[in-house]
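A.B. asks: Sequence:
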Amino acid sequence: MYEDEKTRTNIVQRGEDTAAILRTPAEIEAAARATASDESWPNELTALSRNAKQLSERDATRGALLFGAVSVLAQTMSEFDAARAALKEAARLSRERWISTIRRRRAWQARDFDKALEAAREELEQVGEPRERVALLIEVAAL
1 MYEDEKTRTN IVQRGEDTAA ILRTPAEIEA AARATASDES WPNELTALSR NAKQLSERDA
61 TRGALLFGAV SVLAQTMSEF DAARAALKEA ARLSRERWIS TIRRRRAWQA RDFDKALEAA
121 REELEQVGEP RERVALLIEV AAL
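Every letter in the sequence shown is one number past the one before it in my numbering, and letter 4, counting from 1, is 4.
Mixed in with the good hints, there may be bad ones.
Derived DEER-like restraints, expressed as beta-carbon distance ranges [stated by the list, open to error]: (1) Asp114 to Arg50: 32 to 40 angstroms; (2) Ile138 to Asp114: 14 to 22 angstroms; (3) Arg92 to Asp112: 33 to 41 angstroms.
If you are wondering where the hints come from, they were derived from the structure by calculation, not from laboratory data.
Using N, Cα and C, we set each Cβ at its ideal position, and we do this for glycine too.
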């Protein structure tokens, strides 16, 4: 919610207390930069990767989900090789639709339309709901 053009109000709720914290856009941007450069993210990525490997030995589906999370986090951190490896491991463990969706989105973002089309066709085989199928067919036609 904006009170005026220069100040943004964030509502913080703690138990029954609610307090408004006034922050300027510069403060919000500085907080975002500090979070992005935080050194805990590489440690978190390493821990998630380790947990995904351990979990996949006991429960392949959950391990695949965790490898998917690792892949998304690694992609966000520009760790492209780690993201690709984690998604490949997720695909090895599971044939869920979300794996194809992530592959399609990444290929689309990289402007690799052949891979995006391949992933979309793979995903199309797994779509059951008619509306989703039509939407995906329209996207395939656009590719």
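A.B. asks: All the hints need checking, so say for each whether the structure fits it.
C.D. replies: Consistency of the hints with the structure:
1. Asp114 to Arg50: 32 to 40 angstroms: With a Cβ separation near 34 angstroms, Asp114 and Arg50 satisfy 32 to 40 angstroms, so the hint holds.
2. Ile138 to Asp114: 14 to 22 angstroms: holds (19 angstroms)
3. Arg92 to Asp112: 33 to 41 angstroms: violated (21 angstroms)
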